[in-house]
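Can you build the whole structure from these sequences, using the hints too?
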Amino acid sequence: GDSVTQMEGPVTLSEEAFLTINCTYTATGYPSLFWYVQYPGEGLQLLLKATKADDKGSNKGFEATYRKETTSFHLEKGSVQVSDSAVYFCALINSGAGSYQLTFGKGTKLSVIP
Amino acid sequence: EPEVTQTPSHQVTQMGQEVILRCVPISNHLYFYWYRQILGQKVEFLVSFYNNEISEKSEIFDDQFSVERPDGSNFTLKIRSTKLEDSAMYFCASSEARGRGLDTQYFGPGTRLTVL
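So the protein lines, in turn, are chains A and B.
According to this note's numbering, the first sequence is numbered sequentially starting from -13.
According to this note's numbering, the second sequence is numbered sequentially starting from 340.
Just to be clear, a hint being listed does not mean it is correct.
What the hints assert, rightly or not - Simulated restraints, written as ranges between beta carbons of each label pair:
id	chain 1	residue 1	chain 2	residue 2	range
1	A	Gly(-5)	B	Leu441	29 to 35 Å
2	A	Gln31	B	Glu407	25 to 31 Å
3	A	Pro100	B	Asp410	46 to 52 Å
4	B	Ser412	A	Glu28	18 to 24 Å
5	A	Gly64	B	Pro347	20 to 26 Å
6	A	Glu55	B	Ala436	25 to 31 Å
7	A	Gly(-13)	B	Ser405	20 to 26 Å
8	A	Glu2	B	Thr415	44 to 50 Å
9	A	Gly(-5)	B	Arg451	20 to 26 Å
10	A	Lys54	B	Arg361	19 to 25 Å
11	B	Pro409	A	Gly84	25 to 31 Å
12	B	Gln353	A	Thr6	27 to 33 Å
13	A	Gln31	B	Arg361	18 to 24 Å
As the list claims (entries may be wrong) - Covered, in the sense of this in silico footprint (three residues per stretch, anywhere, with C-beta under 8 Å from a C-beta of chain B), are these stretches of chain A:
id	region
14	30 to 36
15	40 to 49
16	80 to 86
17	90 to 99
Since the hints were derived computationally from the structure, they do not count as laboratory data.
The C-beta atom is built at its ideal place from N, Cα and C for all residues, glycine as well.
Right, dumping it as structure tokens:
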């Protein structure tokens, strides 16, 4: 079945540091890829998405590029802020396989210190 | 901005009791979903619902679970006889459609269910 693998956390960075959270997937065909963020005590919010190979999703300074050749969708931000502290989830929908459920990675907790 | 809402935010129940978790999806969305997140674990798909029918369900969604859209706005998840292992955060989500590019799912804030 489909699966998503994220780098293990937690990740602790100083403010203004560069962030990379690795995400790779296993799926047949061409899934849509997503990053969701969960701030403390809140639900899941869509951060960005990409629906086909080489697409770049971006939002709030975060970026991720859909790499079909490496089956990856790594999340990056050039300069993190304390307010970025949250849990980040990589996910996919493999509608080509007839499924519309989100398959999530385990999540990566990010803590940004001043 | 439209959003998915869920009630209650926290539900405490005794083992064996029935619970109903409520969700109001975004008004023009047609597809509805329930997910759960056991503390410290990944978010897991339970069920999807369209046109008053279940369209997909996971192995977790056994006979103890049911879903319903009782009116034009609410979408509910019922657990018939709760078990300790049902303790989790339950998220409702909705999407406008299912085609590529329209299948983004928007999540509610969740209901934390605690089974004692």
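Here is how each hint holds up against the structure:
| no. | hint | in the structure |
| --- | --- | --- |
| 1 | Gly(-5)(A) - Leu441(B): 29 to 35 Å | holds (31 Å) |
| 2 | Gln31(A) - Glu407(B): 25 to 31 Å | holds (27 Å) |
| 3 | Pro100(A) - Asp410(B): 46 to 52 Å | holds (48 Å) |
| 4 | Ser412(B) - Glu28(A): 18 to 24 Å | holds (23 Å) |
| 5 | Gly64(A) - Pro347(B): 20 to 26 Å | violated (40 Å) |
| 6 | Glu55(A) - Ala436(B): 25 to 31 Å | holds (29 Å) |
| 7 | Gly(-13)(A) - Ser405(B): 20 to 26 Å | holds (25 Å) |
| 8 | Glu2(A) - Thr415(B): 44 to 50 Å | holds (45 Å) |
| 9 | Gly(-5)(A) - Arg451(B): 20 to 26 Å | holds (22 Å) |
| 10 | Lys54(A) - Arg361(B): 19 to 25 Å | violated (40 Å) |
| 11 | Pro409(B) - Gly84(A): 25 to 31 Å | holds (28 Å) |
| 12 | Gln353(B) - Thr6(A): 27 to 33 Å | violated (46 Å) |
| 13 | Gln31(A) - Arg361(B): 18 to 24 Å | holds (21 Å) |
| 14 | 30 to 36 | holds (count 4) |
| 15 | 40 to 49 | violated (count 0) |
| 16 | 80 to 86 | holds (count 3) |
| 17 | 90 to 99 | holds (count 4) |
This entry does not satisfy hints 5, 10, 12, 15, going by the numbered hints stated previously.
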